[in-house]
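Novice: Here the protein sequences line up with chains A and B, keeping their order.
The first sequence lines up with residues 1 to 300 when you count with the working numbering.
The second sequence lines up with residues 301 to 694 when you count with the working numbering.
To be clear, the hints were calculated from the coordinates, so they are not data collected in a lab.
None of the hints are false.
Here are the simulated lysine-lysine pairs, DSS-like style, with alpha carbons at most 30 angstroms apart:
| hint | chain 1 | residue 1 | chain 2 | residue 2 |
| --- | --- | --- | --- | --- |
| 1 | B | Lys627 | A | Lys239 |
| 2 | B | Lys627 | A | Lys243 |
| 3 | A | Lys194 | A | Lys243 |
Label-pair ranges, simulated between beta-carbon atoms:
| hint | chain 1 | residue 1 | chain 2 | residue 2 | range |
| --- | --- | --- | --- | --- | --- |
| 4 | A | Thr172 | B | Pro321 | 29 to 35 angstroms |
| 5 | B | Leu498 | A | Asp240 | 55 to 61 angstroms |
| 6 | B | Gly338 | A | Arg116 | 45 to 51 angstroms |
| 7 | A | Lys286 | B | Ala474 | 52 to 58 angstroms |
| 8 | A | Asp25 | B | Gly319 | 22 to 28 angstroms |
| 9 | B | Gln504 | A | Glu98 | 32 to 38 angstroms |
| 10 | A | Asp21 | B | Ala305 | 35 to 41 angstroms |
Nothing here was measured: the structure is a model prediction, and the numbers come from that model.
Built from N, CA and C at the ideal position, the CB exists for glycine as well.
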Amino acid sequence: MADGNLPASVDDTLALLRAGDYVADEGLATALFLSLKLGRPLLLEGEAGVGKTEVAKVLARTLGRRMIRLQCYEGLDAAAALYEWDYARQMIEIRLAEAAGQRDKEGLERTVFDSRFLIQRPLLQAIAVPAGTPAPVLLIDELDRADEPFEAFLLEVLSDFQITVPEIGTFTAASPPLVIITSNRTREIHDALKRRCFYAWIDYPDLERELEIVRVRLPGISEGLGRQVVAFVQKLRDKDLFKLPGIAETLDWAQALVALDTGALDAARVDATLGVLLKYQDDVAKIRGAETAAILGSMG
Amino acid sequence: MSQLADNVVRFTRILRAAGLPAGTGRVLEALRAVEAVGVSSRAGVYHALRAVLVSRRAERELFDEAFRAFFRAPELVDPALAGLLSQVQVPIEERKGMTRRLAEAMGVPPLKELVQPVERVEFDMSLTWSDRETLRKKDFEQMSAEELARTRAAVARLRLPIPEVPIRRFRPDAAGARIDLRATLRAASRGGFGQLDLRWRTRQRRPPPIVCLCDISGSMERYTRVLLGFVHALTNDRHRVFTFLFGTRLTDVTRHLRRRDVDVALTRVSKAVVDWGGGTRIGATLGEFNRRWARRVLSGAVVLLITDGLDRDGGAGLARQMERLHKSCRRLIWLNPLLRYAGFEPRAAGIRAILPHVDEHRPVHNLESLEQLISALGGRTTDGRSGRSVRTSP
Numbered sequence: 001m002a003d004g005n006l007p008a009s010v011d012d013t014l015a016l017l018r019a020g021d022y023v024a025d026e027g028l029a030t031a032l033f034l035s036l037k038l039g040r041p042l043l044l045e046g047e048a049g050v051g052k053t054e055v056a057k058v059l060a061r062t063l064g065r066r067m068i069r070l071q072c073y074e075g076l077d078a079a080a081a082l083y084e085w086d087y088a089r090q091m092i093e094i095r096l097a098e099a100a101g102q103r104d105k106e107g108l109e110r111t112v113f114d115s116r117f118l119i120q121r122p123l124l125q126a127i128a129v130p131a132g133t134p135a136p137v138l139l140i141d142e143l144d145r146a147d148e149p150f151e152a153f154l155l156e157v158l159s160d161f162q163i164t165v166p167e168i169g170t171f172t173a174a175s176p177p178l179v180i181i182t183s184n185r186t187r188e189i190h191d192a193l194k195r196r197c198f199y200a201w202i203d204y205p206d207l208e209r210e211l212e213i214v215r216v217r218l219p220g221i222s223e224g225l226g227r228q229v230v231a232f233v234q235k236l237r238d239k240d241l242f243k244l245p246g247i248a249e250t251l252d253w254a255q256a257l258v259a260l261d262t263g264a265l266d267a268a269r270v271d272a273t274l275g276v277l278l279k280y281q282d283d284v285a286k287i288r289g290a291e292t293a294a295i296l297g298s299m300g
Numbered sequence: 301m302s303q304l305a306d307n308v309v310r311f312t313r314i315l316r317a318a319g320l321p322a323g324t325g326r327v328l329e330a331l332r333a334v335e336a337v338g339v340s341s342r343a344g345v346y347h348a349l350r351a352v353l354v355s356r357r358a359e360r361e362l363f364d365e366a367f368r369a370f371f372r373a374p375e376l377v378d379p380a381l382a383g384l385l386s387q388v389q390v391p392i393e394e395r396k397g398m399t400r401r402l403a404e405a406m407g408v409p410p411l412k413e414l415v416q417p418v419e420r421v422e423f424d425m426s427l428t429w430s431d432r433e434t435l436r437k438k439d440f441e442q443m444s445a446e447e448l449a450r451t452r453a454a455v456a457r458l459r460l461p462i463p464e465v466p467i468r469r470f471r472p473d474a475a476g477a478r479i480d481l482r483a484t485l486r487a488a489s490r491g492g493f494g495q496l497d498l499r500w501r502t503r504q505r506r507p508p509p510i511v512c513l514c515d516i517s518g519s520m521e522r523y524t525r526v527l528l529g530f531v532h533a534l535t536n537d538r539h540r541v542f543t544f545l546f547g548t549r550l551t552d553v554t555r556h557l558r559r560r561d562v563d564v565a566l567t568r569v570s571k572a573v574v575d576w577g578g579g580t581r582i583g584a585t586l587g588e589f590n591r592r593w594a595r596r597v598l599s600g601a602v603v604l605l606i607t608d609g610l611d612r613d614g615g616a617g618l619a620r621q622m623e624r625l626h627k628s629c630r631r632l633i634w635l636n637p638l639l640r641y642a643g644f645e646p647r648a649a650g651i652r653a654i655l656p657h658v659d660e661h662r663p664v665h666n667l668e669s670l671e672q673l674i675s676a677l678g679g680r681t682t683d684g685r686s687g688r689s690v691r692t693s694p
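The following block holds chain A by itself, in its conformation from the complex:
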């Protein structure tokens, strides 16, 4: 097994993520540790922008694994998820054989359906790794966007980690990939798939953890501004908004404020940069002005 560098405990997992600048809570670290140790997929759910996709990226980076990403969308099919033949090159091959006067039909068939002409898509890439290379991290992003038939198909792939290409044969993973599935919960993932996974819901972080995230990700930010930014965003999450700002928005906003040489938050600066934090005009209109002043006032 080339999986020697996997974390040995929950604390190790926390440290590993921390080394990749990811501040996780114990629930997430436990679920991730279990999924790595017991070789099951990890299903991450949570609002947009809380760092679900980031978990896979950090994991691949810190473990030194290749990351393979399958972005889901409605109507995602085998040709985009598994493999596709390179038809143009196959046609050329046929023409060349014809021109060369080749008459051996079976030989031609073998040539045309050779693995040279097989375009591997993410799922096949993750399974058909050459022996000796460590198993990659397979990120199946936003599974809720794909439709139910694809989910059923995925369940099959994740159960036995093998894929059959009729013209070539069966690919079996030497060591199964580390699978991370994310969902924004635009629809419920089917129970059968959930049963195969360890589950973690990623919440908005509390003030201290979010502050730590800001410090880790933006080392250049002053302590005072970082604290103000996080306090403001935390208050904003109590408001009745169409789309609450995630951690990604907090970081973007903090970065924007640093770029603008902001020393401390004031109402004018907040209003001018609110578009970084809130992505709906209704929300911006609701907060801008009086609400901004009220939140800043309550922060003291």
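Position chain B against the provided structure of chain A, taking the given hints into account.
Specialist: Frame of chain A; chain B shown alone:
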């Protein structure tokens, strides 16, 4: 070890009884998870069990309560004490906060209902609406046999003529407009590449999702029973039908309506709803829908808004929410039982707020109009009423 196994088994059994889908297959998984993190800390055991036994956010609360109650006080490391945990007596004062389901599952007798029965408010006619939120549950009366038969017959003919939309998946189609290269090459390989006979394919189509927003306030009382039967049939007729009921608050009843049996489904719906036959706050509840659900169920959906438009809040904030709703869906059809009156004029504030934001406005006040609706939607304009449909300018 066996002590631990025993505890995990008992714990999952309690979860199952409390309604969490923790199947027996999960017990082994849970056990392996606990062993993997070790039993030295309570938090570790908690997180490990949660990662296995919880698979949706809403289940977390129930799990947390069950865990607290089951693994109370004594540390897990002491097997002698751990064995006693399942017989743990829950103190009375802690029972209040405990979910009723859980209390029953653990065999703890529930305390007397703390909720006072809310007095019944009578509504005389369908044109009045209540001024207060009446938090009471209401049993559906059984549909009369004749009503049921007619509804089912009508529904059997029901083909909501909502045009299907192309998706990104293909199917073989001899009359298709695109070449199916894969099939072509496969066929050619069978014939030894003597010649390439082109195969064709075309985009698959599927009906768009339907979202029903159904008003269950006092003024709609007479219609909701039949209309919910209609919605139930719709839910079981096709995929991706989502139903929300609103009065003074919004309730998602999609799961309940998926029950095959109409009586079972409607009984469950009536249990899930707390604001039956009370007032209406259309603006506020649509606002809640827009915030919490729109992005999850509305992409490309056809919305059936079933309401009389009589709003206790006098249409406050309604226009804005309607505009957002209209902008986020494929098509918005307003089914309005009041439209049956020949002299119907959009005078109420709520109605005037809704009207500019609908694609179509149709009567639904009885089975007959329901049948008319179906046939009218089917494109067969059968009577003059369909001429009332409102087209809004963009």
